[in-house]
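Student: Protein sequences appear in the order of chains A and B.
The numbering used here puts the first residue of the first sequence at 1, with every later residue one more than the last.
The numbering used here puts the first residue of the second sequence at 112, with every later residue one more than the last.
Careful: at least some of the hints might be erroneous.
What the hints assert, rightly or not - One side of the interface only, derived from the structure: several residues of chain B facing chain A at Cβ under 10 Å: (1) GLN117; (2) HIS118; (3) PRO119; (4) GLN140; (5) PHE145; (6) PHE150; (7) LEU155; (8) GLU170; (9) VAL173; (10) LYS177; (11) SER200; (12) SER201; (13) GLU213; (14) THR223; (15) VAL224; (16) VAL225.
To be verified - DSBU-like cross-link-like pairs, simulated, lysine-lysine; straight-line CA separation at most 30 Å: (17) LYS131(B) <-> LYS166(B); (18) LYS3(A) <-> LYS69(A); (19) LYS166(B) <-> LYS98(A); (20) LYS69(A) <-> LYS52(A); (21) LYS69(A) <-> LYS98(A); (22) LYS125(B) <-> LYS152(B); (23) LYS52(A) <-> LYS98(A); (24) LYS175(B) <-> LYS98(A); (25) LYS98(A) <-> LYS3(A); (26) LYS152(B) <-> LYS177(B); (27) LYS52(A) <-> LYS177(B); (28) LYS175(B) <-> LYS131(B); (29) LYS166(B) <-> LYS52(A); (30) LYS166(B) <-> LYS69(A); (31) LYS69(A) <-> LYS125(B); (32) LYS125(B) <-> LYS166(B); (33) LYS152(B) <-> LYS131(B); (34) LYS3(A) <-> LYS166(B); (35) LYS98(A) <-> LYS152(B); (36) LYS3(A) <-> LYS125(B); (37) LYS177(B) <-> LYS98(A).
No lab work stands behind these hints: they were computed from the structure.
C-beta atoms are modelled at their ideal positions from N, C-alpha and C, and glycine is treated no differently.
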Amino acid sequence: DAKTTQPPSMDCAEGRAANLPCNHSTISGNEYVYWYRQIHSQGPQYIIHGLKNNETNEMASLIITEDRKSSTLILPHATLRDTAVYYCIVRNIQGAQKLVFGQGTRLTINP
Amino acid sequence: GAVVSQHPSWVICKSGTSVKIECRSLDFQATTMFWYRQFPKQSLMLMATSNEGSKATYEQGVEKDKFLINHASLTLSTLTVTSAHPEDSSFYICSALGPNTEAFFGQGTRLTVV
């Protein structure tokens with residue numbers, strides 16, 4: 001079963017920052033937080049991941065709370081092409097290393 | 112980033128026939144690959160973990176005799192849907208673990224059984 005909870009849908013205006021929350025209150029010490037997104041009828045695309053420190057790359061920023069029970073994915077300047085389903089996943093990178101998907105957040109970027 | 116290729120991207124088959132889907136890691140070796148199934152408007156459901164040179168590990172409720180997985184090389188895993196029926200129609204997606212434990216996904220295969 002997925003170990004994260006996300007809002008089912010969100011809207012954001014084009015050009016604004018999109019902030020997608022995720023709760024993972026049962027995360028364990030050796031589990032990372034991963035974010036993927038899926039544009040309609042395509043395979044998921046990796047966005048970013050982190051353990052406990054905030055992370056930033058060319059696509060997004062990941063803010064993880066100090067207790068690691070929640071995180072926020074930030075798309076700093078959303079474009080129409082960012083419309084997708086965003087999945088927050090906790091993953092143990094040892095052992096089976098499976099990625100188990102929850103229901104995700106359907107983000108719609110409006111012009 | 113690393114590239115994972117699935118083939119075919121879509122396939123239509125008759126009920127009762129078998130269909131093979133290929134998943135290739137094009138620029139890295141993947142000892143572990145995963146197979147998912149996704150129905151319309153639903154999330155991805157993990158079907159099985161495919162390990163090179165050994166038997167696949169199936170998730171609970173997935174019939175191993177119906178969904179045959181072969182991972183014969185470090186760059187290729189195949190999923191064969193045997194005796195396909197209309198309820199097997201779905202979007203099948205593979206994922207391969209890269210050298211830094213990142214998971215890279217194929218573009219998916221849409222199977223329609225008529």
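Student: Hints first: check each against the structure and report whether it holds.
Tutor: Hint check:
Taken as an interface hint, GLN117(B) checks out: its beta carbon lies about 8 Å from the nearest beta carbon of chain A, inside 10 Å. Hint on HIS118(B) is violated. Least Cβ distance to chain A is approximately 13 Å, over the 10 Å limit. Because the beta carbon of PRO119(B) sits about 14 Å from the nearest beta carbon in chain A, more than 10 Å, this interface hint is broken. Against a cut-off of 10 Å between C-beta atoms, the interface hint on GLN140(B) is violated, since the closest Cβ of chain A lies about 15 Å away.
The beta carbon of PHE145(B) is positioned within 10 Å of a beta carbon in chain A (closest approach about 7 Å), and the interface hint is therefore held. Because the smallest distance between the Cβ of PHE150(B) and any Cβ of chain A comes to about 13 Å, over 10 Å, the interface hint for this residue is violated. Hint on LEU155(B) holds. Least Cβ distance to chain A is approximately 4 Å, under the 10 Å limit. Residue-level restraint check for GLU170(B) holds (minimum Cβ-Cβ distance to chain A is 9 Å; threshold 10 Å).
Hint status for VAL173(B) relative to chain A: violated, with the closest Cβ pair at about 13 Å, above 10 Å. With a cut of 10 Å, the hint placing LYS177(B) at the interface with chain A is violated, because the nearest CB-to-CB distance is about 21 Å. Contact between SER200(B) and chain A, as hinted, is not supported at the beta carbon level, the nearest pair being about 14 Å apart and thus beyond 10 Å. Checking SER201(B) against chain A: minimum C-beta separation of about 12 Å lies over 10 Å; hint violated.
For GLU213(B), the interface hint holds, since its Cβ comes within 10 Å of a Cβ in chain A; the closest pair sits about 6 Å apart. Contact between THR223(B) and chain A, as hinted, is not supported at the beta carbon level, the nearest pair being about 13 Å apart and thus beyond 10 Å. This hint is violated: VAL224(B) has a C-beta 18 Å from the nearest C-beta of chain A, more than the 10 Å allowed. A cut of 10 Å between beta carbons decides the hint on VAL225(B): the least distance to chain A is about 19 Å, and the hint is violated.
Taken as a hint, the LYS131(B) and LYS166(B) pair is honoured in the structure, with Cα atoms around 17 Å apart against an allowance of 30 Å. Of the supplied pair hints, the one linking LYS3(A) and LYS69(A) holds, its CA atoms being roughly 11 Å apart against a limit of 30 Å. Pair hint LYS166(B) plus LYS98(A) holds up; C-alpha atoms about 16 Å apart against a cutoff of 30 Å. Between the alpha carbons of LYS69(A) and LYS52(A) the distance comes to roughly 10 Å, so the proposed pair stays at or under 30 Å and holds.
Distance restraint check for LYS69(A) and LYS98(A): the Cα-Cα separation of roughly 20 Å lies within the 30 Å cut-off, and the hinted pair is therefore satisfied. As the CA atoms of LYS125(B) and LYS152(B) are separated by approximately 24 Å, the hinted pair is consistent with the 30 Å bound. For the proposed pair LYS52(A) and LYS98(A), the alpha carbon gap of about 20 Å is at most 30 Å, so the pair holds. For the suggested pair LYS175(B) and LYS98(A), the alpha carbons sit about 18 Å apart, so the restraint of at most 30 Å is met.
Between LYS98(A) and LYS3(A) the CA atoms are separated by roughly 12 Å; this keeps the pair inside 30 Å, and the hint holds. Between LYS152(B) and LYS177(B), the direct Cα distance comes to roughly 24 Å. Compliance with the 30 Å bound is thereby established for this hinted pair. Distance hint between LYS52(A) and LYS177(B) is unfulfilled; the C-alpha atoms sit about 41 Å from each other, more than 30 Å. At most 30 Å may separate the alpha-carbon atoms for a hinted pair to count; LYS175(B) and LYS131(B) meet this at roughly 14 Å.
The straight-line distance between the Cα atoms of LYS166(B) and LYS52(A) is roughly 35 Å, outside the 30 Å bound, and the hint therefore fails. Simply put, LYS166(B) and LYS69(A) have alpha-carbon atoms about 36 Å apart, too far for the 30 Å limit, and the pair is violated. Distance restraint check for LYS69(A) and LYS125(B): the Cα-Cα separation of roughly 48 Å exceeds the 30 Å cut-off, and the hinted pair is therefore not satisfied. At roughly 28 Å between alpha-carbon atoms, LYS125(B) and LYS166(B) fall within 30 Å of each other, so this suggested pair holds.
Between LYS152(B) and LYS131(B) the alpha-carbon distance is near 24 Å, which keeps this suggested pair within the 30 Å criterion. A hinted pair counts as satisfied when its Cα atoms are at most 30 Å apart, and LYS3(A) with LYS166(B) qualifies at roughly 27 Å. Restraint check: the Cα-Cα separation between LYS98(A) and LYS152(B) comes to about 22 Å, which is no more than 30 Å; the hinted pair holds. With a C-alpha separation of about 38 Å, the suggested pairing of LYS3(A) with LYS125(B) is violated against the 30 Å cut-off.
Restraint check: the Cα-Cα separation between LYS177(B) and LYS98(A) comes to about 22 Å, which is no more than 30 Å; the hinted pair holds.
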